[in-house]
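Asks: Here the protein sequences come in this chain order: A and B.
Numbered according to our numbering, the first sequence terminates at residue 273, and the numbering increases by one at each position without gaps.
Numbered according to our numbering, the second sequence terminates at residue 273, and the numbering increases by one at each position without gaps.
Take these hints with a grain of salt, some might be off.
The list that follows gives simulated cross-link-like pairs (lysine to aspartate or glutamate, EDC-like), each with its CA atoms no further than 16 Å apart [as the list claims (entries may be wrong)]:
1. B:Lys230 - B:Asp163
2. A:Lys189 - A:Glu215
3. B:Lys239 - A:Asp100
4. A:Lys239 - B:Glu215
5. A:Lys205 - A:Asp47
6. B:Lys263 - B:Glu215
No lab work stands behind these hints: they were computed from the structure.
Number of protein chains: 2
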Amino acid sequence: MQKWAFINDGFIAEEKACIHFRDLSIQRGYGVFDFFKLKGNEPVFLDDNLNRFFYSASQMHLHVGKTEEELKDILTKLISKNEFPDSGIRITLTGGYSPDGYQIAEPNLIISQQNFQALTAAHLEKGIRLVTYEHQRQLPSVKTIDYLMPIWLQPRIKTHNADDVLYYSNNMVTECPRSNFFLVTNEDKIITPRDNILNGITRKKLLEIVAKDFEVAEENITLGELSTAKEAFITSTTKTILPVTSINGNTISNGTAGIVTKKLMQLFQSALQ
Amino acid sequence: MQKWAFINDGFIAEEKACIHFRDLSIQRGYGVFDFFKLKGNEPVFLDDNLNRFFYSASQMHLHVGKTEEELKDILTKLISKNEFPDSGIRITLTGGYSPDGYQIAEPNLIISQQNFQALTAAHLEKGIRLVTYEHQRQLPSVKTIDYLMPIWLQPRIKTHNADDVLYYSNNMVTECPRSNFFLVTNEDKIITPRDNILNGITRKKLLEIVAKDFEVAEENITLGELSTAKEAFITSTTKTILPVTSINGNTISNGTAGIVTKKLMQLFQSALQ
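Let's have the full structure, built from the sequences with the hints guiding it.
Replies: Encoded structure:
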């Protein structure tokens, strides 16, 4: 079936949705985006994602050129045209066609729908293996398109028998490239780094949802504290809550989803129903 | 007159030279490039630029898919088709159309020709005003498309009455976003940072050309040493040698091109004739 995308002012057959090579995203890696999923055909946490999208654009001196209401209207139409339930929608805003290839121009807005593979029960039980790497993302609170480092790191991640990387900087753990990091202490306290991170929507929702059942804190986690974690997990729109079962080859929680992590998954799922 | 670009396997009218939005440059800011200028219709330092292009691609796990000879053949044809002397040519290699929007795919190769404005004598005399900023480029030896930081910094640069930014990290001066930095000491020694920089072609050529007339050194420059500089200048393909006449509002060399800098400009120009 024909899939549609939206560029700037109109819908276009997805296979024809192209951007001229003089756009600042291709020339200079300059752009922002956001991503949310659909439950059936209903966007999940759409207001939070749109708020962050406008924040990212504003921080990067990019003019969205549409109101939140206008974006919602386009999204409704796109969802209706594509009939692609339980998928993901990405909104990208680039630096535009710059005459000198450097100054910001009129941004290009690209909205597209894509396959979204929920994790299996087996995957959720097996969890994810992380390897630490010293790096601080540029403009961490902004959801830019800059994923140079994690894509460059893919071979290194494989060499270390890991699935993803956990960044740290100045001895402080920050985040994974596409997800936020949490650990559970021996006292069942839930801690997630506060500074120099992207403020994930799933992270924020989880902190709200579980605050009445658990002691939660946004505070620094040192590299050394990783080895004391009883459990650890990551959160993101695509993974929701995914257990971390090893860091730098050291097994956590016997290599499976821990009791607290499972409880959090239940609480999160219940809150969404 | 019709201008042409080259994408992957063929020439295409430049205004139609588009890339599908699923390319990793648009999705994840992942790509490398190189840029050289034409003197008339003759490429300047082409071998050096192609060497660096292949180095950048290799470092980023991107497969060029063409030999150096094949690229030269395409460049010759493009130059002949466009009849656009004294212009600049950019070769870009992106992460390609990735099925999952994250893993590297078959790269897209884009070759384009663009206007190239040589600096006027007045500009060369007036020089450039820099403002320092603490930042270390990711993978500094690789010419990636990542210019997030300097484009984001444009308003700040204007606020500081400067023309460009000079990066430093751990108290050590490194480079400007699109050029290498040099200073001249009171003893007429020429110093340029050695580490954590892009190895500019003009920088390399200049060091070779002037070594018999001046004491030159690739070594650390601390932030504090900036205030002791008798002269300073930057080098790049577009600017060749451009005097730096102030840093953080402090005038250097009475705000004009210094004697040593002018001598270096002469030596460089003579060597190219």
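Asks: Work down the list of hints and note, for each, if the structure agrees.
Replies: Here is how each hint holds up against the structure:
For the hint linking Lys230 of chain B to Asp163 of chain B, the alpha-carbon distance of about 20 Å lies beyond 16 Å, and the restraint is violated. For the hint pairing Lys189 of chain A with Glu215 of chain A, the CA-to-CA distance comes to about 5 Å; that is within 16 Å, so the pair holds. Distance restraint check for Lys239 of chain B and Asp100 of chain A: the Cα-Cα separation of roughly 15 Å lies within the 16 Å cut-off, and the hinted pair is therefore satisfied. Restraint check for Lys239 of chain A and Glu215 of chain B: the C-alpha separation of about 58 Å exceeds 16 Å, so the hint is violated.
A distance of roughly 12 Å separates the Cα atoms of Lys205 of chain A and Asp47 of chain A; the hinted pair therefore holds under the 16 Å criterion. Under the criterion of a C-alpha separation no larger than 16 Å, the hint pairing Lys263 of chain B with Glu215 of chain B is consistent with the structure, at around 14 Å.
In the structure shown, a violation is registered for the earlier hints numbered 1 and 4, in ascending order.
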